[in-house]
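> Chains as they are written, first to last, in the numbering used here: chain A, 1 to 411; chain B, 1 to 411; chain C, 1 to 411; chain D, 1 to 411.
Since the hints were derived computationally from the structure, they do not count as laboratory data.
Warning: the hint list may mix true and false statements.
Claimed, not checked - Pairs of lysine-lysine, DSS-like flavour, derived with a Cα cap of 30 Å:
| id | chain 1 | residue 1 | chain 2 | residue 2 |
| --- | --- | --- | --- | --- |
| 1 | D | Lys167 | C | Lys245 |
| 2 | A | Lys245 | C | Lys245 |
| 3 | A | Lys405 | A | Lys167 |
| 4 | C | Lys245 | B | Lys245 |
| 5 | A | Lys245 | B | Lys245 |
| 6 | D | Lys245 | A | Lys245 |
| 7 | D | Lys405 | D | Lys167 |
| 8 | D | Lys245 | B | Lys245 |
| 9 | B | Lys405 | B | Lys167 |
| 10 | C | Lys245 | C | Lys57 |
Number of protein chains: 4
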Amino acid sequence: MPVGSLADRYRAVRARSEALCQPLSVEDYGVQPMDEASPPKWHLAHTTWFFETFLLKPFATAYQPVDGRYEHLFNSYYNGVGEPYPRPRRGLLSRPTVGDVMDYRTLVDRAMAPLLDREDEEVRRRVELGLQHEQQHQELMLTDLKANLGFNPLRPAYRLDLAAETKAAPPLGFSDHEGGMIRIGAEGDGFCFDNELPRHRVWLEPFALADRLVTNGEYLEFIEDGGYRNPAWWLSEGWATVCAKGWQAPFYWRERDGAWLEYRLGGEAPVAPAAPVVHVSGFEADAYARWAGCRLPTEFEWEASAVGLDPNAGNFADDERLHPVGGNGQLFGDLWEWTSSAYGPYPGYAPLPGALGEYNGKFMSSQLVLRGGSCATPRGHVRASYRNFFYPADRWQFSGIRLAKGSEPAT
Amino acid sequence: MPVGSLADRYRAVRARSEALCQPLSVEDYGVQPMDEASPPKWHLAHTTWFFETFLLKPFATAYQPVDGRYEHLFNSYYNGVGEPYPRPRRGLLSRPTVGDVMDYRTLVDRAMAPLLDREDEEVRRRVELGLQHEQQHQELMLTDLKANLGFNPLRPAYRLDLAAETKAAPPLGFSDHEGGMIRIGAEGDGFCFDNELPRHRVWLEPFALADRLVTNGEYLEFIEDGGYRNPAWWLSEGWATVCAKGWQAPFYWRERDGAWLEYRLGGEAPVAPAAPVVHVSGFEADAYARWAGCRLPTEFEWEASAVGLDPNAGNFADDERLHPVGGNGQLFGDLWEWTSSAYGPYPGYAPLPGALGEYNGKFMSSQLVLRGGSCATPRGHVRASYRNFFYPADRWQFSGIRLAKGSEPAT
Amino acid sequence: MPVGSLADRYRAVRARSEALCQPLSVEDYGVQPMDEASPPKWHLAHTTWFFETFLLKPFATAYQPVDGRYEHLFNSYYNGVGEPYPRPRRGLLSRPTVGDVMDYRTLVDRAMAPLLDREDEEVRRRVELGLQHEQQHQELMLTDLKANLGFNPLRPAYRLDLAAETKAAPPLGFSDHEGGMIRIGAEGDGFCFDNELPRHRVWLEPFALADRLVTNGEYLEFIEDGGYRNPAWWLSEGWATVCAKGWQAPFYWRERDGAWLEYRLGGEAPVAPAAPVVHVSGFEADAYARWAGCRLPTEFEWEASAVGLDPNAGNFADDERLHPVGGNGQLFGDLWEWTSSAYGPYPGYAPLPGALGEYNGKFMSSQLVLRGGSCATPRGHVRASYRNFFYPADRWQFSGIRLAKGSEPAT
Amino acid sequence: MPVGSLADRYRAVRARSEALCQPLSVEDYGVQPMDEASPPKWHLAHTTWFFETFLLKPFATAYQPVDGRYEHLFNSYYNGVGEPYPRPRRGLLSRPTVGDVMDYRTLVDRAMAPLLDREDEEVRRRVELGLQHEQQHQELMLTDLKANLGFNPLRPAYRLDLAAETKAAPPLGFSDHEGGMIRIGAEGDGFCFDNELPRHRVWLEPFALADRLVTNGEYLEFIEDGGYRNPAWWLSEGWATVCAKGWQAPFYWRERDGAWLEYRLGGEAPVAPAAPVVHVSGFEADAYARWAGCRLPTEFEWEASAVGLDPNAGNFADDERLHPVGGNGQLFGDLWEWTSSAYGPYPGYAPLPGALGEYNGKFMSSQLVLRGGSCATPRGHVRASYRNFFYPADRWQFSGIRLAKGSEPAT
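Bound-form chain A, shown alone (with noise of 0.2 Å):
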């Protein structure tokens, strides 16, 4: 996706965030609706703060920093930076308001643009990073304002104006892979991020892996048939998951006299059986599929029969639904696909030098890793190596269940 100059991408990006806030009210940019998600106004001016600390600071000449408390204030887990501001307390700020923040990226836009043009390879590595780290941000600001929206009693909608569309299930279908040898990260000269390296052999057993995602009729049958009820089902920390915060249903589905209904960043709808099921856990994803007979794939085998696919035809938060529309054959938007593996290091891995390197090393603990982008991912942004992670019992996220199977281990 790389395409025009870095400083028109850098433009088109940055302007991209300000646009997903349009439809918003003031109010709505200073909310935490839980822990983990932040504020639309925090996102804004943490993506600013990332130019501004590790691009302006150490290359622009005389940089004056718009306000020094910003570096605590807007720190999000860099301790090499300093001491970030606490994050469950970052809805907790009705200062600086919307207009400073806007200011704050003004300011910062502006002092930017001059090292846009600089042919410093150095500088030019990080504009970049700085842009795939605001894009991050912008699937998180939709995902974090979701959970806003859709815990709010009034159920509100972000946008009345977004396409609605279901595509009808086929049959579900597995594909075979025959494992083998396979190569499994980054490669090429196109960006990634330092958890795709380095490109290294893996070993795999012959497998499956389902055609389309799992949809909200499949899953029904699983509620129905008491999933949530049997620990027979349920990995041992996602069984106590399932107790502790009385799970019946994904994230966003509610009952209302005998239907379930699930919220849409569109507005609130009843749930429709052929679409994917969206907002489930990791725990869910795996205890559907014991209950279905199958099991999760691993992230090798999903980017296994990732490669060679078009990492951009899928339905991307450009396309406007942000919500997935199912379907079949298609590996990359829609949802993040949970897989079985631990996020952790390829072997000969290493950080970027640095408090960047606390980008993506230091969570190499207790994550899972998903794949291939969503319906709030801005297309472009993923391809075939790309490793999304988040803890097992997370929901908030637009993930989904792809299933697979039938690896005959070969002795």
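Since chain A is already given, all that's left is putting chains B, C and D on it; use the hints.
Chains B, C and D in isolation, oriented as in the chain A frame:
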């Protein structure tokens, strides 16, 4: 203070709530800095809900609720009305917006107009209760807002035009009171809350009450004497709180370069030695009193001392300081004064009938009575028999310390 | 009850603590079923620590502590002595063993012997305090042990030879008291705790006190009327507790096949309708009283009613029932009776000097006074002015409900 | 290690569990020092429950359970058998007494006798599983007991007659391994757990593995370099744990007068610089490795290095040290070695059928694999393919650090 017609007073009180919000940015209306402190928007809506629920629904023929969901959303704690929206989540409601809430106020005010002139004793009683209720929330709006702004690392001021004044603190003296049989509780025809009744007799031993509040300078001596590190001064629960929360000074103090700063609604400023110490908990007040060789007064000692004084003569919110001025003489205004009395029912206490009975009575456990009103209380709202109540660990209110001593037991 | 020489009484009280443990297996000595309830072994050691700390160390020349580490280990809450071992971890001390603790008792008793005959007023005062202290712990030993055994799924009995008896419950009547000026607090030369002093005057409005405790049968009506599901009957904190803890009945009740069983120290048995309801919290007592159209008495009403009665005439631990018998007439024994009075200092209250001052005074917040002693209290330990105190949510003590009503306010 | 008949081995393993308890006082059998660590009595009962539940009930005709309530009480986590008694409350069971549990063991052993000679493949498989299970609990009994005694302020020794020995630590060296296609998982006819299967191929990049464990002396350098105060070395969750728990050194270390002491099962002793550092969490192991410029090995690198070594040659529980000796060469024994591998299923993994399927598989989330056995593991229990697993924050096991490095990625 009831001057003018009920309709006039209604308009004046309602207008004042909105005037208090004039200095706010839209972002400030939504923040809930801690579970106990509600956002300004919520206060504006809940006080309106009170009139809608207890006046319009039962008494205004053909009244149509502004939004049926507000009954749940803006119910504070009246289980008799229905299950309230959870208090700790009040800060998560970006919708209804500030504009929506202002519309709610306008529509309810419009519907209230005919009721205000009606010659119905119950209606008039409830309107009066609603106005007193709104005045209480005007003070809470200020204290809750102070917590919002005061714990923002940017320490923004609520208003920069507040009068800043500290009177000289005369040497601490005590006024003797001979005790004996006194009458406690509200008398006369004016408004009072149910918890001020029935008026009844209490026998008091002789006592002496300090003629001014404890100052910052005096409280600093306690700090410098290791007051926060010595369990000998503290109630057992107080010491547990000091340890658990790491208390080392009053709520809004912080040390910078060896000097103490204090956040005020006018902004952060050096602690003024002569000004009354403010934002101390009941535990701190009690510990200080013990350290000083005194004790806190009982609520009856306080009331016995206050009878006959002009309750409107002190430093109230109308004086636009929103900070205590100190000096001596005045029991009313400046700061709510912690008493050693547990908040409980007077002999023969009867709560109001119906859901309104939940207004006061159900909080009669584990709290202490505070007396006298503060610099954030509307003038005319308090009287000698007025009982405020908070948990002994609470310190975000404008609360201070008045010492007592010398009760010689007569056996 | 102080009969015989101080030395005789010392031996008798000390021996009784050990006799209470006769029915135990070694395993029972160490269990701490909840944070508030200590293991029997700890009680045996702590009461010994009290004599070692407050008598032997200051008064016995050349006394060598049995084990220097016990000062920390068996300190309950006397910060003046040093930092106590954390209370919630008392059940984690497998060492010192029961045998070690018994040796500790023996060695301290031996060292105490010379002091018991010394004609030193302060020594005699402290010995008496130590004995009263040990009697209090004898009751706690039984209530804490009941929690241990009662929440063991095996429901083992403490003793199988306890007298099991329930008197018929006469119709509920009320005794009128005209109120007026009464004297409250300990009088005479006998032992009393500092919290019973100074004796002072209190003015009482007329009231009526129930002539017996509330029975299981009556309490069942409250349950069956949905008492635990209707917030209207509860204080706000009480209702929060009911919801958070899922209370549906008194502490030791459980439903089996549609019938209520109750754990007693003699084993599990069907709930006897005529027996007094026991192991209810202050919140439950208050809610029941409100449901019954009555209220709880104040501690002064209770004391005014109890003056002149024989405090040793009721059902006490010496009667070897360890369960209430009911019937009417008797204010003392059977069950501690919740009052509506917050536990606080009497006018002119002065705690004992030094670390002993921590005995009572520092608990004067957030607790309620209970009066009268129980079937687990040693006979002779209580009197009309005796003040016990627990948090309103506590229910593992032998606590019950006596109703009051009818205070006609005289203005 | 399976030598002798199954019946012989049954008697030997069962007897060893009891022998491990010989040094205990009765009081020690009941203590649960933390939620994860069970009392010795519970281990003795639960291992017996295993035979009763999975052998006697299904296979012994006319078997009558010793006590029907034990099914609930001593079920660890087998939801398929019924709802287990809550784990954090295991230390609250003073009954059944130690004697009762010993009787339980005797009665079950007696009933098991005929089964041990039966020629039934499933019976023999389950007996073997039960013995392996009991061996695992023998190690847990020691580690849990260590937590009990080690956190008792008296620091009592488990045994005073343990061999105390530390070998000299040679300079740290690394053994190169060329990687390539290796076979992972159990092979041969001997017993293995389901999580060691299926045996399958894994591709390894070249790597180098340290030839001995990290020593206390080396770990002290990390501490003295501020390792516990610098977030740069830690995984994000690890740093959060360090801060939340206040970690400053390994689990059983404490500083006294400037020197580090370490609690061992033989009592407290100065930290020996040459001995392997023990009782570090996975987070500490990972942070140390990063600080040292290395990394932890993967479980596959470990297994590839261990194949062909004698798994019974190291320092095991049978050597009666119960503490690591260090020196070099040996991958087995001394300490469980943290790997960087998340505990997950091998390709084609199938749990055992029925409730026994809950043995291993349901824990495959958020845990790390440890390899090699420890000084508390019974000799003969482990092998190259053996996978132990704990949460990365756990540190009460005998866990240590072996460094790896140098995986040069081949692309």
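> List in ascending order the numbers of the hints, as given earlier, that are violated by the structure.
Going through the list in order, the structure violates hints 1 and 10 and respects the others.
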